[in-house]
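Asks: Residue numbers (the numbering used here), protein chains in the order written: chain S, -5 to 1011; chain B, 5 to 216; chain W, 98 to 376.
No wet-lab data here; the hints were simulated from the structure. A hint or two may mislead.
The calculated lysine to aspartate or glutamate pairs, modelled on DMTMM-like cross-linking and capped at a C-alpha distance of 25 Å, are [said to hold, decoys possible]:
hint	chain 1	residue 1	chain 2	residue 2
1	W	K191	B	D30
2	S	K744	S	D835
3	S	K872	S	E687
4	B	K192	W	D329
5	S	K649	S	D617
6	B	K24	S	E830
7	B	K37	S	E848
8	S	K121	S	D182
9	S	K102	S	E92
10	S	K831	B	D30
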Amino acid sequence: MNGRNETEADAGRAIGRVIVIGGGIGGIQCALDLADTGFYVYLLDKTHTLGGTMARLDKTFPTNDCSTCMFSPKLVQAAGNPNIEIIPSSRLLNLTGEPGRFTARVEKKPRYINVEKCIACGQCAEKCPEKVPDAFNGELGFRKAAFLTFPQAVPLKYALDPEHCLYLTRKRCGLCQKICPTGAVEFDQQPEMVDLEAGAVVLATGFEPALTVRDGEYGYGRYRNVVTSLQYERMLSATGPYAGHLQRPSDGRVPKKVAWIQCVLSRDAARNRPFCSSVCCMHAAKQAVLTRSHDPEAQTVIYFMDIRAHGKGFDDYIERARHDHGVRYQRSMISQVYLNPENENLIIETYDHHLNSKVEQEYDLVVLSSGFKPSSGSSALVKRLGLTTNPFGFLTADFDEPVSTSRAGIFVCGGIEAPKDIPETVIQAGAAAAEAAVVIQAGRYSATFATEAIPERVVEGPPRIGVFVCHCGSNIAGVVDIPQLMQRVERLPNVALATDFMFTCSAETQPRLIELMQKYELNRVVVAACSPKTHEPLFQDTLRKAGLNPYLFEMANIRNQCSWIHSHQPQQATEKSFQLIRAGVSRALRLEPLTNQTYRVDPRALVIGGGLAGMSAALTLADQGFSVCLVEIDTHLGGFARHLTETLEGDSPQKLVRILGDRVRRHPLISVFLESCLTAHQGHQGNFRGTVETKDGGNHQITYGAVIVATGGRAYEPREYLYAEDRRVLSQIELSRRLKEEPKWARGLKRVAMIQCVGSRNEEFSFCSRVCCSAAVKNSIAIKEINPDVQIVILYRDLRTFGFKELYYLKARQMGVMFFRFIPGDQPQVYNDTDEKLIVDFTDRSSHQAFRVESDLVVLSSGMRPHTGADQIAPVLKLPRTQEGFFLEAHVKLQPLEFASPGIFLAGLAHSPRFIPESLAMAKGAAQQAAKILCKEIMSTPATVAVVDPDLCAACLACVRSCPYAAPFITSEGVSEIPPAKCRGCGICVVECPARAITLKHCTDEQIEAEIDALLE
Amino acid sequence: METTAKDRTEIESRKVSSGKRRLIGDRGSHFLKRMEGETGANIAACYQCERCTNACPVSFYMDVKPHQVIRFVQLGWREELLRSATIWVCLSCEMCTTYCPNEVAVAETILHLRSLAAQSTIAPREKQLAVFHQTFLDELQRFGRVNEAWLMAALNLKPGILKEKMRSGQLKTEIELGLTLWRKGKLKLLPKRCEAIKEIRDLYRNRQGDRS
Amino acid sequence: MKLAFYPGCSLEGMANDYARSILAVFNHLDITLVEIDDWSCCGATAAHSLSEKMAVVLPARNLAAAEIMGLDIVSPCANCFNRLLFSKAMIQKKIFDVPWTVTGSIQVHDMTRFLARPDMVERIEARVRKPLKGLKVVCYYGCQMVRPPRLTGFTDYENPMTLDRLATAAGAKVLDWSYKTTCCGASIGIGRRDIQESLTARLLEKARQTGAEAVVVSCPLCQVNLDLMQRDKASGHLPVFYFTELLRLAFEAENGSAEWFRMHIADPVPLLRAKDLLL
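Construct the entire structure; sequences and hints are all you get.
Replies: Here you go:
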């Protein structure tokens, strides 16, 4: 390790360190976002490991990606980052000082195993006689009192459970201490107090299922085959109690009929949980889909009230679950689950409207979609910190400060703020990092360690290849015969070492790999595991640390391309694995070391779009000391929010527009271009050049290191329901403006009908617009407050007032607003009858009764659309979009803020329909991602670029024409040249070149041919 | 705004096809407010999840299901409710109220509708049940306590009851049941009395003071 | 220890066996039950159905009498218990005036919950002379005792345990089942016997499926309902015991005579003989 970059800050200057509490995905992402922008992070977790809720998930919606496979690289990054100090088993007791200079008293609980000495051999757990219900697996299986929470735990060190260890409870046994080969067991460890200095604190303590055995809902804890959704995740998981083979707890039988009950301890005012937990609708759909993929014969039924698929692409997922996977949805809430004593099946009684009778359905397994509450211990922590929570213990943030708490310098992200899914957590994590960075920006680089430059070994002599084969839990090892495979791999030519690991990617495997590379003097490495797309950078970094050039590395994907798709043919899968590895080894023989090129970074940012998201992103960066160029297509700053009068919670978007607009205009580091757009853009991350064209035709050349796209949204202009034909038909936005300007007008209303999903969730536009249900609820309350006698009827498909917005839905109902569900396809009809009455006819979905409202006013909840500015900018920046026109992020789960093209980031309505605080969080989060580039002086380009052999080049221009990035050009010598900084390594020119003059480094013909030959041998 | 002839035909045809289409929003919220006031039940809060109807052991026998009762109250459909079998068939087992996530006192609402029906001129859909409740109170007024044998006898003496029971064959079953109970010593022929029966009768006299 | 006893009308009629076994059990436990002097009917479902005011004032007379006695009320009948609590709550909320003084100074106990308190269970266990070994029962609570929970105070309204604990204390083997609080339909037995019988028959079927040899109840209406349902069954019937009958049997090993059970329709004597629990 090198020393600190600078000496400790002068007195009075902000401390460049942050305490992040909670090691789930939120805490880890926040820590990474801070550590990569020049700050030092203490990452605290109350348990023995990082991981949180995400570590317990099997797969994630809407892509069905393996949660561990996505999350593991994050864990590894956090573990390997020299500027993140992980402090497990700890809690913050007291915080004194002020923003910029806090002192935290932290208690480290004893682990009873010395982490310096523990080599995670697992002998203690193997020999430990005390079995304990395994909380990580939802108590469906057992672990020992000496245990490792899960195989990818960080740190990968065992621990003793003081409540169950025989020695710690009764001074008996002590077997682990006797057998530990390194003497790591220390029964006499005591709690330890440390004082940490930090400039800011982020709370990311997360949530947990609200349902406990004590609640007794639906026989949970009473009937063995009733489980919570989180338990079911473990049941599905390869690392779970049943090793990924779905079975039910009572008798190990494969469940053939599984039911999900939604809204358990959610939307339940009677049990003092009147809010919606936001994520359960989607995870139930996912679990049902996965159940069907485990067993295509299985029947899956989801009992629900409203399907809350309010996220990007979520409705498509639900449609696929229904139609492609045969998941049955039944809108009916269950009161009680009964047991069939003969087989421990569960009986659910519902009333069937079509049959007019009670129907008893028997299920093998019932999964309760339990709502969420703040994770245990967080209420005490919140109290110690003196923070204000909402009535349910969540640290809900304010409208204009989406990640702030009631105490300056303490920020919040993730499930403790409100129940939310992974991408929203990642977004908030970025925002919290950004807010913390603003507070302590003067301390940037004052407390960090630079990455250690490790001298590279010179590769000489015959190739010595190391092959590391991954079990991926049971993902690979459950199908492929690993011992047999290893025997054959060992015998391949030039293989100096072949060995296998449970999880080759886990943080604790990496030092072991380094050790083996050095011990066996390996000069090529092949990892046979999963996809290089996700894991190559991780292993390349390990090679770097071992002093090997990272390009001397090759992966064989024996999971995605083998064990997963051939899961029913183990013998053939083993054979194919061997062939894939043989091909990898053959290619590895021909690999050569390559060197990255470096360049200086332009520390300025370009923000496209001057709405709330754009302004907020610009301010976040400017407040961290970066210059920003803000380009707005319109005559004013403010965007869509300029049209919005008031939010459901009573905040004023227009006031926020004024405040942010004033700050943007006055900020010395922000230059604003109104009525302008970016018309040209070239370069690469850290080093872009572009042209801003103003209305008067002026062209401004600008340079920048990063781009944030915040082109915003607009309202859908309805073509249906007599809109713009009858003046009694309004949009929600028009209605709220009218109510604001002329409240008395509402007193004359007798009957109002509102129609939801106008221009949303249909064939033309499949997204849910997320905000319209809340808009209808807000306006109906506003009308009722002025005129309590008015009859308001809201026609909806699914009422999606998720999270704490549900409280307003309840309020609207209590005020007498009536909600009816209509059937998509049997749309309400709006027409004028002969007496010029405005009539709304519809069929109530639950009673199948046809109703009519003679309405004074019909209000359309018209959806959201991306702003037309997106059409202009998409080709300039070459950005992908969804069918609906929203921009497509790099990864829907873990990279919601960035595009696949490095250096370009995404915020606000340009991403998807969202609420203002969500847009603001996204803007701050995107700014923080941009800061990761802007704060660096020097960056490097990858070495996998195309190079032209000038002797073979005929200057035919094939490469110039075919390159999508406009990289090649013809030099004064009359031959083609490709600047490495612009080349993206796609290889198109290599294929196009008729003279075969172009070679793609790291993908040479020789290497590829050797690989193919070996594969077909 | 102009309406073309074609539009008019379409509108007319819609009116015909909608035959049983019911107008809503035309009754105001007076009935809802009255019911909420009189029962303290949180009726407006209902979100029609149907937990009550799924929980109800007798929803099969109800013409208006429990969740619809709540909806009808919201819509002001008083008469439909008072004419329903539902309000008499309800067991007051409180499953609906217990499981309601919105703290709607469904059972109490139904019970209150039952008492409104008893006070109204609307003939009860389940006559025997209605007469039974009244007979019970009559017996109570007579002795201060209720004797099962006397209660049954008094019920059968109410106009039309015996005839109806004979017609349906119910009487035969009842006699059979009575004999079984008698043989087992479960029927006591002598009613016990409450000494201070006057106090009870005074209560009946003051019944007009019902909360309204 | 002294308690005010409110037997309710059923205990003077059909549930006379319940009344007698209660007195025997409390005698064993050295708890004095003082019958409320000149008590009157609680109004049951009828008063509740036709007049909310009567549903409050009728029980209030008995509440007032117990307050004068200064004793907590113990109620053996689920319906009476429910009505007394309802009346007390409405008076305390000042929703109705009553012509008697009811301050709310005394508690109304459901008898099973009172006896299932840990100290009482201990006392019961100490009195058991002949545990009811091998008798497999399900406990049936019905609806009025536990619901609505906000009134009755039962937080485990879906899976109450008071009867389970008492039957266990008597030495019986108590089986868990899902239908502890599913309504038996007693309140419309007169008028719509068809509905009531379908509900009751289902309960008996579920109890048999669970493997029970007998049902333990505490509500007179439930008992009569479940018992009467079995009047035609020549064999395979399921005796329906008041929990106090089982306690008495376990307390009085030598007096466990067949004579006691003659009021039952589903005759429990063969079962108890087979289990060697009766002389």
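Asks: So which of those numbered hints doesn't the model satisfy?
Replies: 1
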